Each structure stands twice: as C-alpha cells, then as structure tokens.
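Visitor: Residue numbers (full-length UniProt numbering), protein chains in the order written: chain A, 1 to 471; chain B, 1 to 419; chain C, 1 to 307; chain D, 1 to 307.
Since the hints were derived computationally from the structure, they do not count as laboratory data.
Keep in mind that this is a model prediction, so the values were computed, not measured.
Mixed in with the good hints, there may be bad ones.
[To be verified] In silico lysine to aspartate or glutamate, EDC-like type, Cα no more than 20 Å apart, as pairs:
no.: 1; chain 1: B; residue 1: K277; chain 2: C; residue 2: E141
no.: 2; chain 1: C; residue 1: K203; chain 2: C; residue 2: E5
no.: 3; chain 1: B; residue 1: K125; chain 2: A; residue 2: D54
no.: 4; chain 1: B; residue 1: K204; chain 2: B; residue 2: D306
no.: 5; chain 1: B; residue 1: K153; chain 2: B; residue 2: E172
no.: 6; chain 1: B; residue 1: K277; chain 2: C; residue 2: E5
no.: 7; chain 1: A; residue 1: K412; chain 2: B; residue 2: D129
no.: 8; chain 1: B; residue 1: K403; chain 2: C; residue 2: E141
no.: 9; chain 1: B; residue 1: K153; chain 2: A; residue 2: D292
no.: 10; chain 1: D; residue 1: K93; chain 2: D; residue 2: D81
no.: 11; chain 1: B; residue 1: K330; chain 2: A; residue 2: D413
no.: 12; chain 1: B; residue 1: K385; chain 2: B; residue 2: E361
no.: 13; chain 1: B; residue 1: K108; chain 2: A; residue 2: D54
no.: 14; chain 1: C; residue 1: K94; chain 2: C; residue 2: D4
no.: 15; chain 1: B; residue 1: K378; chain 2: B; residue 2: E366
no.: 16; chain 1: B; residue 1: K406; chain 2: A; residue 2: D54
no.: 17; chain 1: B; residue 1: K125; chain 2: A; residue 2: D413
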Amino acid sequence: MTTTTTDFAPTAATLAKLRRKRWYQHPMYGRLVGTVAAAVLLDVMSGPQGSREDVFFSLDKSLGSMRVVWWILGAVALWAVMEFGKPLYQRFLGPKVGPLDRFTTPVTEPVKAVTAQARAKTADLRRIVWVRLGFSAVVIGLLILLPNLLSTFWNQVLVNEVAIYVLLAIGLNVVIGWAGLLDLGFIAFFAIGAYSTAYWTGAMPVDPPFKLNAFLVIPVAVATCLLAGLLLGAPTLRLRGDYLAIVTLGFHEIIYLIAKNADGFTNGPRGVQGISNFGIHIGPIDYDWELDPVPYWYLLIGIATILIIAFLRLEHSRVGRAWTAIREDEVAASATGVPTVKFKLMAFAIGASTSGIAGVAYASKARFISPESFLLLFSVLVVAYVIFGGMGSLWGVIIGTAFLAWLPQYMKDWVDPNDRFMYLGALLIIMMIYRPQGLIPSVRRKRELSMAKAGLGDADAMSEPAGGRMT
Amino acid sequence: MRAPNFFYKGLGFAVLKRRVIKIALPIAAAALVLSACGSDDDGDKKKDGGSTAPGNSGGGNKPTWTIGFQAGLSGENAQLGINEENGARLAVEQANAKGDLPFTLKFKTSDDEASETKSVSAAQKLIDDSNVVAVIGPAFSGPTKAASPNYAKAKLATVSPSATNPSLTNPENNFTAFLRGAPNDNAQGGGMAKYLSKKLQVKKVFVVDDKTEYGVGLSKVAKDELTKAGVQVVSDSVPKATPDYGPISTKIKNSGADAMIYAGYYQDGAPFAKKLKEAGFNGPKFSGDGTNDAQFVSLAGDAANDWFLTCPCADANVEAATKQFTDDYKKRFNTNPSTYSAESFDIANLVIDQMKSFGAEKITREGMLTKLKGASYKGLTKTFKFKQNGEFDGATTFIYQVKGGKIGYMGDIDQLVGG
Amino acid sequence: MQPDEILDYLIPGIMLGALYAVIAIGYTLVYGVLQLINFAHSEVFMVGAYSALLALTWIDPSTNPTALVSVLLVAAGLAVSGTAGAATAFALEKVAYRPLRRRNAPRLAFLISAIGASYFLQNLAGKLFGRDSRALPTLFENKKVFSVFGTQVTILQLLIVCAAVLMMVGLDYLVNRTKLGSGIRAVAQDAETAGLMGVDIDKVISRTFIIGGFMGGIAGFLFGLHLQLSFTMGFLPGITAFAAAVVGGVGNIRGAMMGGMLLGIVESFSSPIFGESWRYVSAFAVLVLVLMFRPTGILGERLGRSA
Amino acid sequence: MSITTTKADDRPRVDPGDQVMRVRGVTLRFGGLVGLSDVALDLHRGEILAVIGPNGAGKTSLFNSLTGMYVPQEGTIVLRDRSGGEHSLLGRKPHLVNRLGVARTFQNIRLFGALTALENVKIAAETRQKSGPVSIMLGLPNARREDRESDRRALELLHFVGLDGLLNELAASLSYGQQRSLEIARALATDPQVLLLDEPAAGTNPTEKLDLEVLIRRINRELGISVLLIEHDMRLVMSVADRVTVLNFGKVIASGSPAEVQRDPEVVAAYLGAEMAAEMTGATQAEVGGVPEEGSVPAQRDGEEQR
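If we strip away everything but chain A, and leave its shape as in the complex, we get (with noise of 0.2 Å):
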C-alpha cells in the first residue's frame, strides 16, 4: 500500500507536529479563498457575451475593469461577516444566536407555527374526496381562464414552452422520478413522436400507406415509442444504471443524425413542413386547431389532466410500489419477488410513449419540424426541470417545470437566452448538493436521500454511490 500504516508508532511529539497548523492553514482562510473564487466566477459569468472577433473582450470587460474589484470587495466583505460577525455578535449581544436570528426570529417563529398547522388542517382536509375534487376543478378552471388574461405572445409560451415540457417532463418523472433511472435521451421519443406525425399525415417526402387525423397518430405515436422503448430498454436494463445513460444518450444522437441524414425520408436538416393540425370531423364536428395557441391549450391541459390521473393511479398501484421498491434496494426487491428489469422496462416505456404524445402535440402545433427541434440540449433540459420541480413529486414536477419554461422568456430581455443553459447546469449542481430532493420533493424520495446519507440505503436503481459509502 501507499502510505504506512502500522510500522511506526507516532510519538507525542510528532502528532503534535502534525497537528500543528500555520496560521494561514486554518480553514477560515480556505473559506476565503472558495468566497473570492466564486466571486470572480459570477463577475464573469454576469460578464457581457463574447465578441465574434475578440477571444478577450468579454474576459476584459469582466476582469479587465473595476467590476471584478467590487465583487471581490463584496466578497471580503461577506466573508468576513460571516467569519467574524457571528463570534462578535455571540461574545456581546447573546450567545449562540445567529446575527440576523434576533430580527428572524419573531418572524419565522409565528409563521412556523402557523404553516405547522395550516398543513395540519390541510392534510385533514385532503382526505376529503369532495375537497380534493372541488381543488382539482378550481385549478383547472384557473388555467382554462389563463389564456384570457394574457397577450397572444405570452399564450405562445405557454404551449410551446410550458405546456409541451409539462407533458414530457411528467413522462420523465415516471422513469427518473420514479423508477430511479437516468434517461437522457427522452427528446429521442420526442423526435419518434413528432415525425410519426409528420409521416402519418403525409407532410413527409414518402407517403404513408394511407393518411391519418393527428389524433388518431396518437396511439400510433403511442406505439411506436412503445416498441422503440422496448427495443432500447430491454437489453441495457439489466445492466448497470449510469450505463443506461450513456446508452439512452447514444440513442438519441442517432435518432438525430438519422433524421439530419436520411434525407430520403425525413427531408434532413431542412426539415418537414406542412404537417396537419389537430381537427375534428365527425358528423355535424368540424373543428380545426389552427394558428391561435388557445385551443392548443385546452387541448393539453386536456391529454394533462388524463395522464396526471392515470400517472397517479399508477403510482399508488402494485407497479408505484415495485419502483419504489426497485430504487431503494433492488437486491431485496429481486429476492421478494419483483421482477425488476420487468417493472424498469414498464417505466422506460410509459415514459417513452408519453413523450411521443408530447411529440405529436408539437408537431402538429409547430407544423414544421427538423432535426434542430430535437437536439439533445432538450434532453438534458427536461432532466434539468424534473430535478428542480422534485423528482418523483408529480405536483413539484409540474410546478418547477412550468416555473423554469416560462421564466427565461420572462428573463430574455435582461438575461441572455442563450446563457440559459450556463444558469442551469450550475442550479444542478447546486440542487445536487443542497436540495437533492427538489423544489417540492415527494414525501418518499425525501425519506429516501436522507437515509441515503445517514449510509442506510439507496434513493435510485443503480446500485452502490460513486467512490464507495463514505464514512
């Protein structure tokens, strides 16, 4: 082995000497160096965008200038009232109070109370089948009238943003949330869904067999993601669970380069356009879903509201409880009878399928669609979103997610969109370490994480946490 263990035995002398510390080796300045650090972080990250013709200009403008002095200022300055406010504030206003606890406390102290027992009172409540129906139809009367109260703009958004990634990422929850497995190629279903539309409405350079209403593409969307799911899952499910990642990502770089590149069939990257909308035509029924975004709305809150029910049914089923079973010790769940791969497939595919429906909502919204509509950037957005909102938490996935679609619209005047992804991958982290359960976690997967870290079990279905349990 590396280092010796046993063959010397440390005098007093020599533990004291490592014990000793330089004054500069107390933790406190490591505190200042990570607080400085992040500073600089953020002074470029809020930096402006880069120069086509300058590598240096945004790097000047961020590093070169005052800015960065402030933030670093700001930074010391943070530091330091964190270092050495607490002690001051505890040797002579009160001990083992925070500096801010004494203006906190006749605050939060209330409203603790009072939240402990509007939740009391609310969980009483939620047991009452006619409260529960008669929340669920205000919520949904709410969001029928929402479209009134906004600018065709805004109505845009929310079906071609928030209403499309609502839909996918309450597929993901099934598969990430629920089964405890990381797909990161659902856009790949997506892509599946949305040019089985564009094919089976004729928009595509070859002709189908014979031409179907966009809601009938539904259940064959529906179908094919199915077998494609199948296809996929069925051999990388029995192995190990970030393989599956890897492989789900391959997946869908295929699902991409086949429609950038089979121009024969999917017209390439200039994509498919002309592709048919909603419509219904039976007997006196003769309705078209057409430019204006509002009947896309209610038709998808609609094919929402179905899969929420249906989803939820699931959860609190024998399948629900396999998962559960599954993410938190698959060795155990095997042994009780489970058939493990049997249920991560189930969920792989109802995930799949969901995001074909999604997929052949947008198509037939956007009339037009390329390969640039899929790419795997969206992928790991939907991932982003179902973390947020809280995985496996249906309401918090719904909430996070149509949170986080709709604010870099609201933001793109102030914040760059294209950084959005720069504010996102550092938020997954961030969640990662502080907030692994989610905005609005669900009750069992919270159990789960802090078990997890007391060492007492798993919270996915990949067996052993990287670099071995830490003790």
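Mind docking chains B, C and D on chain A? Use the hints.
Guide: The following block gives chains B, C and D in isolation, referenced to the frame of chain A:
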C-alpha cells in the same frame, strides 16, 4: 484494524469545503439578481427596437408604424444577418431623420438564430405586433421556408434580401406574402457553371452541399447547369456544423476533379477550405453568397486564398453608386458594409417608399402587400421589381475572389465571361 | 474506395484514434476510482483547447514563424492546455463531486451533477468566447514530413501521435510503477479497504482527476490544431472517447488505448464507406451495440487488475 | 440419513421421504477463491433445518446460491412442489426463484425503509398479481380488486407476526426486532414453501429472541412452511431446529440432530481450530445467560461485503 486519525486530516478540509459553499451560495443568489439587472449594457442596446433612432422623439400625433426585421442575429453564421440588420436600420434612421414622413417609423428585430425551428416563433413575434406592416427578411432560405406559411396567413409582406433558394417562390408552396429582393440561386448556380465551363474550361467538378435548404438548392442548380455545359459532375453532401472536413477533402482530391463548388455558409466553408489545402487540392474552388463574408477569410486564414465567391450582390465599397451609403454606414456602425448591407438598405427604402405612398390613409398589411408586389424601385444596387409569384425580376450575378486575405471584387459574371 | 486509398484514411484514423485514446483514458481513470461517468470530461478537453487559444492569441505569433519559434509555440500550447485541463478537472472534482461524496448521495445525483457541470462549463465558454467556431493561430505550416506509399504524413499527424504515445507511456509508468499509481489501483479495487489501509482516498481521487484532466487538456489543444474550436467541440470527441473506453472495458487503461485507436480508425473509414453524413453515427452505433451486447468491453473491466 | 426428532408433537409434521429442496454438489468460485465446494443438503418438507458454521464458512453464499443471487458453477439445486413437480433453481433469476416458492430474509435487514410496514408487505403480496399498468391507469375493477386483496393479505400477515399496531409506521422507524418481524412478514407474503432465514436473531434482545423462537415455530407449524435457518445463537438453534448442518470453508462437515452435531469432534475442531473459540464461548454464554454473543457482530460485516 483502524487507520490512525491523522490520515484523515483531509477531513478537516471536507468541513471547510462545505462551509465555503455555504458562503458562496448567497453570493450566487445575489449574482443572479444582479446579472438580471445588469446585462443590458453595451451590445444589447443595438438589438432592442428602434428607440435609438434620432428623429423619433418629435412624433407628436403622427401615427407610428413599424418595419419588422427577421434574421439570424446570434449563433452560427450571424454575420450575414447583422450586415442586413445594419443596412435596414440605417435606412429607417435616415428616413426618420429627414423628418418628411407622415408617420413615425420604428424598427423591430426578431432573431431566428438562422434556425428553422426558431424561425416560426420569431415570425410569430412580428405577426403578433399589429404595428408591423412589413418585414425585411428572413435572411436564410431555411427559416424563410419555415416561417412563410404563417406570414402568408397573416398577410404580412416579407421582402428577403438574401433567401435565394429557388423553390421559395414555387406557387405550390403558397407563400403569398413572400417577395424576393435578390436574384435566386438559379442565377448564382448558373453563373458558377458558366464561369467554370466557359472561362476556366474545366472537365470535372466536385459539388458539395451542406444539406440546408440553401445549399441543396444552389448545388442542384450548379450541377444541372454544369451537366448541361458538358462538364462531368461528382457530388456529396456534408451536413452543416460537421467538425471534420478532412475525409471529404481527401475524397475530392482523390476524385481527380479539376474544380470544386461548396454550397454552404462561411462557418463551414472556412474549416473546409483549410482541410482542402491540407489535402493538397489546388484546383479552383467556388462558393456562393453564403460564404461571401470577411469572416470566411478570417476563419480560414491562408486557406481562403484564391477561392471564388459569387453573389447576387455588388460590392458597396467599390461601386460608385453606393459611395454615400458606405460613408454613412461606416460612421454609424464603425465598420465597412459587407455582403447584403446595401441590398438590405435598398429594400428598407423600398418599403418606406411604399408606406409613404399611402399618404394620409391608414396603412394596412394587406395594402402594403399589394403595393409592394406592384412596386418598382430604383435602389443604389439595382432596380427592385417583382414577378407575380414574388420572384425578383432580373438576374445578375457578381463574382469575387479572395486574394491576400481580402475578398476582391471582380465584377459581373456575364461581362467577365464575355456574353 | 479504391485499395490504394486505404492509407489516405488509415493515417488520419490513427491520428484521430490517438486523440480518442488520450481522452478515453480520462474517462477510464475516473471511472476506476469513482465508478462514475465523468460527463464533464469533454468540457475539460474544450477548456484545454480554449486556454491554448487564449495564450497563443495573446502571444500573437507572426504569420510565418521560424522552426524554433514554432517549436516554442507548440510547447507553450501544450503546457498551457495541460495545466488548464488539470486545473479544471481538479476544480470540477472539488465543486461538483466531493460534496456529494460527503453526503453519500446516490449515484443518480453524481450523474446529474456531472451533467450540470458539463453544461455550465460549455455555456460559460460559449458566453465568454462567443458561440462561433474559431481557429488557433497558425503555429507552423502543416507540411508533409514523409510519405508512405504515396500518402503523405503531415507534421501535425506526427505531432499528435507522438504526444499521445508519450502521454500513454508516461501514464502506464505512473500507474504501474509509482506510489500514486498503486494508490489509484488500490482505490479502484476497493475504496473502503484502501481507506482502511491508510490510503488517503480524497487525495488519490483528486490526483486522478488532475492526471486525466492534464491529458484531456492537451488532447483539446491538439484537436484544436487539427480542427476548429467551438464551445461544443467537446461533445463528439467526448462521447466517442467514452465509447472507446467502454469498448476497451471501462476502468481498463490499456483497453481505453486500444478502444480509442479502434474507434478512430473506424470513424475515419466510415467516411468513404458509408458517406460523410453517416460518419458520426458509426461511433454511436458502436457504443450502443457494445453496451448492449458486451457491456464489459473487449479487454474487461477493472482498473486494479489489468492495468 | 437419520432423523432424530426430539419432540413428540411434531412427528407427523416432517415427512422425510418428501424432500422439498435437494442440493447436490454445489460449487461456487469467486475468481480463484472457493466459496462453496461440493455442498449437498436436503430439506424435508415441514422441517426446520439450521445451517451453522464459523464466519466465512459460506453460509450466506449458500443462501445466495439457493435464491439465485449467485450462480454456482457446478451442482444441482432442485425444488419440489407439493404436487411433486421438480424445478431446478440453479441460475434462475431471484424473482423467479421467489415465485417458485423460496422466500428469504437478509442477515443485515433489507427493508424498503421509506415505505410503511403495510406497503412493505403489500409489495411482496402483489408479486403474483396480474393486473397490468394499463388496467391500473384506467382504474379497471380487476386492478382495484387485486389492490384490496393485497391489503387484506398484508394485514393478515402483519397480524400474524404481531405488528398490527404499526401498519402505517415507516419501516425505517421501527425497532430492530420489529424490523426483523416485518422482514419475515414480507417474505411470508410471497406465499413460500421454503423460508430462508439469515441470522434472524442477530442483534435482538432476549425477549425478542424468545418471540422469534415462537414465531419460527408458528411459521413452521401453522403455515406448514419448511424453514432453512442460519444462526449463530446456539440456544435458538438447539431448541428450534429439527436437524443441523455444519459448514466450514465452504464444505459440509457434519449433519444430523442438534445433539449429534454438538458432539461431533470435527465440528468442535472447526469452531476452536479456526480460532473461533470466542464464537463458541459466546454461543455457550448465550446458552447459559442469554447475552447476545459478540460473534454476530463481525458476521454481519462479512455479509455486507457479499452484497
């Protein structure tokens, strides 16, 4: 057996790190807020609307109308869009400054990132603004194809300075609001073929396209025209944004072709040029207006030398008619006008001209569309007239060649070949 | 493809394979000690390329450098990119992975954190240096050095292969002959036991990242000399190199070298055989097929046993 | 093979002619290490068979081989159901082994901690149900009926093991002894013919130990389930087991009635000779004073490694 404690002195650092991050987090939060407030300095001002136009304030009770502009202003190949944006913006600012307009003119840009997908929502942004009476753009053929059905439905006229794919004006598409402000690729492809077969008298040409609407269209015309002229043609497609042009360069070298044509944009043209040079291909190399930009030369370096670049656009810096424009442009944007700047300036003036002809009447989108279709306007670069299907009336192609790191203007192909 | 063209594709393939092998080693090393796919390794590669771009733009070489200046410039590029890559990998481990290890986070959390880090770095670079592709300044004229049966071998190809081989030999020595190397192997075999035996796991993991990052950074610079730079440049080579690591058996260093070489050559030949458009499908197809049907790779897994 | 039944009332219970599980020549190797070598074992229908042996003797490896978690390289493992049909368990997937009627508990309890006691048992009770995801999502009557059925079955079993009051408690929040009982209830919910208990008494206090003894007997008698038991607590083994098999170094060294085995010189040598005197004294101590023996503590760790 347990490890002695001091082997875990690293653990002290572990605690430290956690604390560091705990401190860093509030800063991160603050930064998010700050960056939300603070990022609209510098370059962004240029992007947001026409509020910078000098003559804008004295509007009084004049109505305000907006000219929309759609192109790729960020992302890959954005330079062409920016060239056009500047040209059009200059026209709007000058018109406002003159002060003789019966209305206040605004300029609203919408960035489609040169992407088909983004194009639909970029167009929607302009359609949803009822003040927009006409749109200049979209710049590229792909985005034009994606957005045109919606423009047609909204009856909002779009005049593109540079979407040159021939199929856009195909009546089957029903792009009824699309007008092309430049000769299409038939002219460019034909020009290349003519120059190669007549002037350079090559026997075999390798044509590569980038699989975009523009590239495929241009290469198809070039191939047809070359075949017609009795030249042997070999072709291949390399999708846009391919990192490595090594293998295709080797293939071209090994094919024994005398010359090659690349139908694509400068972002890919540049690395292609480099790899062609490395592979040792020395024949004449051609590309179209998508590559005709200074960025091509600056990215490709030495390898860009001797490339022939065609364009339906004349060089504003050289032609006498555009002298005044070039000076104004330089003053306003601190850089020389480049490909399509002058054309875009002309088209903006064409649109303003038609708007003026409404006089005191309320300007409607439909009215604008009809007027534009029937317009005939003599701009700095050429005379703008449209055929029934929105096609540009006329076909002149100019040719340039890269020499010593500069795109040198050679002139009208027809004149160079000698009729 | 004509038989006499084989070398025209084989030689670039070997060059590409050497690069992939070097990147693949970064994946394999980290996988060995952490059992984690370091998704952000492709960004380490990108950072290496951009740091060299910054340094070389700052030096601003003349258009026709003399031979000596060329050598110095290349050396500077190698040094800067290697250092930057190592520093990035080090920071990455500290910020994105170590806090999670302290918290006993599930593996899923590591993967997500890795993806977050990857997108953060990628788009930060996109923001800072612009989202267009760029080219490194010309450091030397890429002349041919000699030819093999009529196919020329260029300076760049020679440089890349030599640098890669040197790094791989050095790494092999490091892992098999040094104290740090035996630490790495011990942690790879069984982190818990290694910890009990007195190996400072944190230090070993940190240094493993540094080694992988150093090699990845240099690979980025060499790749930048070969092709153009862009903020997404890490993705394709990254995933291909990962596929290479898997083909050779994740955690197996010699496997990664072999897998990289294999995939480089496959990719180079798929161009003339399947057409340029399908070139990148081949890498993904190999990846998916290998993972589906031989998940332990050709040489088998485990850093500890076969390295 | 001779059977000595010590108690009069259970004579009709065991049918020596009907072997519910027959193990022959099972050999399991990990790389170069031999985990089990030529192990033979018979479990008669209705009996309680204890497997004892020093730590590392291969007891848990044997259990893992019987339940499909390990695949032994050689040998046969046959399960006979009541109608006389024979099924080979060798190499079968764990959940399929379970479906054939072999349930187990784990040395280190492995419950689904974030689920309630009721849900833990329901998961097991539901594994034989047929309703698919579609009928569940549509809320079809058969899915609802099955859900009610599994509720009923789970309640019944929780009552059987004496956890009625704790239905909605989280499994992780239960006491150690309760968790043991819950794990047994979960195993029983899969309707097994054979129940494999891996050190159920480890870490329990004397009262819990007595309860456990009663519970094992009740499972055996009331439910008619054959029990295979790994246990270090000799007092429990002696009082509950019909027969005892002793493993050492992966080999069966003795088999017979508890009294016979206790006298077997080879067994004594195995325990003492393998420097496991502490174990033996621990066991005798337990026999005398009922103090939880120290031997079970390291034993737990050896199980951990085999996960």
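Visitor: Would you pick out the hints that fail for this structure and give their numbers low to high?
Guide: Result: hints 2, 3, 11, 12, 13, 14, 15 break, sorted rising.
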